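Enquirer: Those protein sequence lines, which keep their order, are chains A and B. Be aware that the first sequence starts at 1, since it is given in my numbering, and climbs by one per residue. Be aware that the second sequence starts at 1001, since it is given in my numbering, and climbs by one per residue.
Simulated from the structure, these hints should not be mistaken for laboratory data. Source: prediction; values computed, not measured. For glycine and all other residues, C-beta sits at the position ideal for the given N, C-alpha and C. Please note that a few of the clues may not be correct.
[As the list claims (entries may be wrong)] Covered stretches of chain B, as calculated for chain A (at least 3 residues, CB under 8 Å):
hint	segment
1	1038-1044
2	1049-1063
3	1066-1077
4	1080-1087
[As the list claims (entries may be wrong)] Label pairs and their computed distance ranges (CB to CB):
hint	chain 1	residue 1	chain 2	residue 2	range
5	A	227	B	1032	52 to 62 Å
6	A	233	B	1083	26 to 36 Å
7	B	1083	A	52	44 to 54 Å
8	B	1032	A	393	47 to 57 Å
9	B	1050	A	149	34 to 44 Å
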Amino acid sequence: MSAPITVALVGNPNTGKTTLFNALTGARERVGNWSGVTVTQAETVVELAGRPVRVVDLPGIFALASHTLDEQVTSAFLRTRQAALVINVLDASNLERSLCLTRELLDLGLPLVAALNLTDVAERRGLHLDVAKLSQLLGCPVLPVVAAHGEGTDAVLALLEARLVQAPPATTPAAPAPEAAAGDPERAAERRLAYARQVAQAVVQRDAPPQERRSDRVDRWLLHGRIGIPLFLAIMYVVFWLTVKGTRPLVAFLDSFAGAFLVHGLRAWLSQLGAPELLIALLADGAGAGLVAVATFVPPIFAIFLCLGVLESSGYMPRAAFVMDRVLRRIGLPGKAFIPLVVGFGCTVPALLATRTLAERRERVLTMLITPFMSCGARLPVYAVFALAFFPSFSNRVVFALYLAGILLAVLSGMLLHGTILRGQSTAYVLELPPYQVPPVRMCLDHAWFNLRSFLVRAGQIIVAVAIGLSLLNALGNLRLSREASPAPGAGPAAAIGRAVTPLFAPMGITRDNWPATVGLLTGVLAKESVIGTLDVLYAQVDAQQPPANQPPFSLRAELASGFRELVEAYGLAAHRPNQPVHSGWPGMLAAMQRAFDSRAAAFAYLLFVLIYSPCLAALAVLAREAGWRWMTFSVVYQTLLAWMTATAFYQCATAAAHPRQSQFWLCVVAMLAALIVTTLVLRARQRPREALL
Amino acid sequence: MNAPHATGTPDRAPAEAPAAPILLAKLAEGADGVIRANPDRKSREMGLAPGAHIRIMRNRRHDHALVVAVGDARFFISRSLAARITLGM
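Pulled out of the complex, with its shape left as it was, chain B reads as follows (with noise of 0.2 Å):
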């Protein structure tokens, strides 16, 4: 067996990440970020939560939601909550 790389879903990023806030819906596909702030309590239910680790799987310009990863999940988002959602680089 590997040595554990990491524990606990979803993956964090590590607690020295550098201060660049930026909107989840700005973000580019492919791009990492950590989840600093979110006013919206479902999806931090669902585990949108600040301090988790969050990849951009899809973001067109034409779409209106974005489908991101969060750890081995991965949801479908709408552009209007992801204007909301702010994160650290």
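Here chain A stands alone, though its shape is the one from the complex (with noise of 0.2 Å):
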């Protein structure tokens, strides 16, 4: 098979190349309706007319000479003209600044194709453009499309195909940088201006000046000093209420229907069959219990993943930019930065690379460290299982206080390393606010379904493994002790590692009995998946060891019939049957978590700890990338022993009537830790200087 033959998207932010990238190739890359969610190179092969071509979607940039670490992607990509053809996204209704990038692609003598985007929104706006004539002045072909609905992609690719396939072009040799060319670059500068209003004026033709839009109307509340951050908490309640207290019926549905065929069925099958205990351990206890685990985080995670896709699609997320630009201005960041910290409730690790947007290595560096804290969708199934558990009446309230908590230690800890190790002032900036939309179904739903098919990939990996792993080695223990005397509960390897490591989270209220709760946090460092995996086997197993209670024998056909009942119960599709206790999931695991931690406080303690305590290992490789081993090292420390701080003045502050003197003490030991952070941060700062420490 011949080489592929390169086609890269280029285009002013959010002029949608993404969108149009999809449209063609029938990719899912994620897109938003605001300047640099695309910051890394992406690409796919496609084949056109039986030949590969290689489409290649570059991050947005106004002009070559770049200013940040996306925009030198998308640079130094057109200046080692790999691409046969370059597809200039051109935005339709803010014709004249893409205009100012096509002269400097022209100017390059890359072989140029315009995709005129957006033309809907020019042509609600009253802007009317000839695209014969734009085409002509340009020397390039001009195509219009509408890439969000896919209007227009056809003829894209059927334009393709007539020129890379059937007469491919010799790549034209290197031409010298423009600025070099021109000399002086803002004289250059000036230059593509003049001749892309010029261009403009010939080719557009608008019917009224611009005038108010709804978009203003609406910024006049959403900007608004005083309602701006309570609507934005307001938003982010609601998203957490769908997310946990919506989806808790289809978690419990879930449970039941995956637990009747992974867990008991096979449990039952397998027993039939007289197969040994360790298989029966291995499979249904292991492996069928991970999945069922992985199956009941479907509904909120799918839930979160949409809704944050409804605000990135809607135009929101600048507009939550600025509102938090106050307060990032406390800590030396830009208002801009927030947009990072918000990705961050999705997944952390697009959202650290989304801090390649901001100009300074030092607001970079910061925002870096203090997106942890954003509480990413790995960490909601740990939380929704323990407001179940523990919270029923309020779980939504809690998990929502967990978000916020997450969003004031970042503020508080912005704070502390913007007054001593990383001080600084925040950079000038502009941001675009882009018009709201009503938020496209379809691209909502592809945005949930491809965060979570990525989810259950990683988790469904990860959990099933952690799984298999703790069974094979509690089964293994258990084999080992019924040869001497009667197995005890937690007698294998992972008991013993949790047992020995727990003495460390007494403090926060893990008892000694409870190291399945310490094991969940130390295979958490793995990914944040696998905590709630962890804790669904080990519990499990603890669970076993209780008198049984009087169960009826096992029927696949009354757990399904069960499950379904209860879920057109739940969402008030069929009146609720009197004396029925409600299913919501996890029952196994919520009895034994109930009885082994200690009381309300120690469970809000140890998620506490879960939400702060550090990354997981993928976040800690791109953070170890982006920022370096030594600021990856910093926060995995900091980040631990913040949670554990943190975690533990909250249980001994919860329970001091029960123990004053040992709270008393331990609070004193939380204070001289802080003191200590505080104090090496300062001393730090004093004997070097903020660039050496970059």
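Could you fit the two chains together into a complex? Lean on the hints.
Expert: Have a look at this one:
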């Protein structure tokens, strides 16, 4: 097969490059209604008339003179002339600005095709574009498209086929950089602007002068000093309400449904076949329980990514950045640093990458260090399970409180770092506020599905592997002991490690017998998804040691019927049967957890620790790559210490009445540790200048 | 169709605009102006270039940023940057 021909999509930020890339290639890259969604190069290979074509989606730029890391990616790609054809995506509703870049690309001698996107928006604003004249003036084909609806993409593909496959153009020899060619870069930029104005004037006709839009009227409220922040918090509360409470019946149903097949059914079937206990433990209690845990995460994970997708595509994100600007200024960050932080509610990894849009390294490092405090989607199942077990009547408020605690700690940590080792003022900046749009349903569903699929693949692998590993260790431990005496609960190596480490967590309310909670924290360093998988397996095993209740024999049909009945009752589609307990999902694990944690305070302290402690391995790898090994190590140590201090302080304050002397002692320890951290940072900042630290 | 009112985006003021330099950060909400000079390259590339007609959508003393309209585009600009952009009225 011949080597693929490369086609690159280039344009200003937020002109729909990634939307067009997805429409042309069938890919599912992340899209959003703000500048800087794409920060790395995305590519895929498609076949056109039987020949491979490598399509590359590049981060948005206004000019080749790059300011930020994401812009450098595009600039470097274009200057190395890898593309046989460049599709320059133009914003029909802001043509003049788009044409400045077009002029620069033409100056570079790149083979160009222009895709005139957002023609529908331009029409709505009373802008009429003469496409033929534009093509004539630019000297390259211009194709009108509405990438969000897939309109005009067939014409783009047909043109690609004609230009690339039938007669592949020879790559022109490298031209000098436009600034170099033009001499003074300022003069060159002025010339490009004059050209863009001239062309835009010739091809754009406007019905009426720019007027106040509906977006402007909405902004009067959303950007209001007193309304903006409460409104943002209200929006986030609704998101967490939908995610936690709205999906609870579905979680319970999936728990019953998947559990009936993969755990109870599988166990009954293997027992009937006379399979050895070790195999049953591995398949039913290990792999089966792990898969059930993964299945129960589907509704909340899908819901949170759907909600975030709606927020991202609506155009609200840059407004949230404006609203939070005042808060972020206090920690030396520009308002636009808030966008990576909100992305962190989904997953920390893309959030860390999103900091590439920030101009200064100090701002990037500081934002990367506080981003992990934004509770990612993988932690959500842990909160959901604990909230259901210990705070069933106000579970959504508990989850919301945890998210708020994360934001508060991010701000406090930012203030500390800004005041010591990362001193400096936020840079001057400008951020475009795109017009609001009704979130495209398909795009939001795609966004949620893509993230859910990634979560399922990652969580499936990790949780099932952890579940099988822990089941095996536990079963082997029990088998070994059964030769000597009757097996004790938690006799395997996992229990031994858990018991050895648990005393460290005793001040935050984890008792010696609650070693599964400690093992959950240890496996959570690999990936946060594995916390709940670990707890599910280990608590189920501990629970199995409890005297059996009078349970009816297993019946697959009865379990499935009960699950369906509860689902329709929960969503009000059928009357609730009196005297029937409401099944809320993970019944075995919840009961065992309620026994293992001695109080609600201990459970909440545990959740605080999960919220704050070290980011997962994937996030640490990105942090090391983007900020360096020293900052990654700092992040692990600082966050884990802070997690222990916060959880201990909370637990000791909440239970001080029961053991005042002990609480006083541990609160003194926390205060001394806090003083030690602050002193170390202050001394470090005095010893070495900020530039050396960075 | 209505008669064309203006062409191109962003919109611009007539060339004979009187010279009365003022800093963007000092302009009140609802006021208009034409950018005379902007030393910041990035914002110039984004559309806040000399000659562009600008309107203040939001400028509150306690805010660290302003919201402005340039043609059909809306931007929020840090006050420190707005204090470096000069306008002619």
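Enquirer: Tell me, which hint numbers fail for this structure?
Expert: 5
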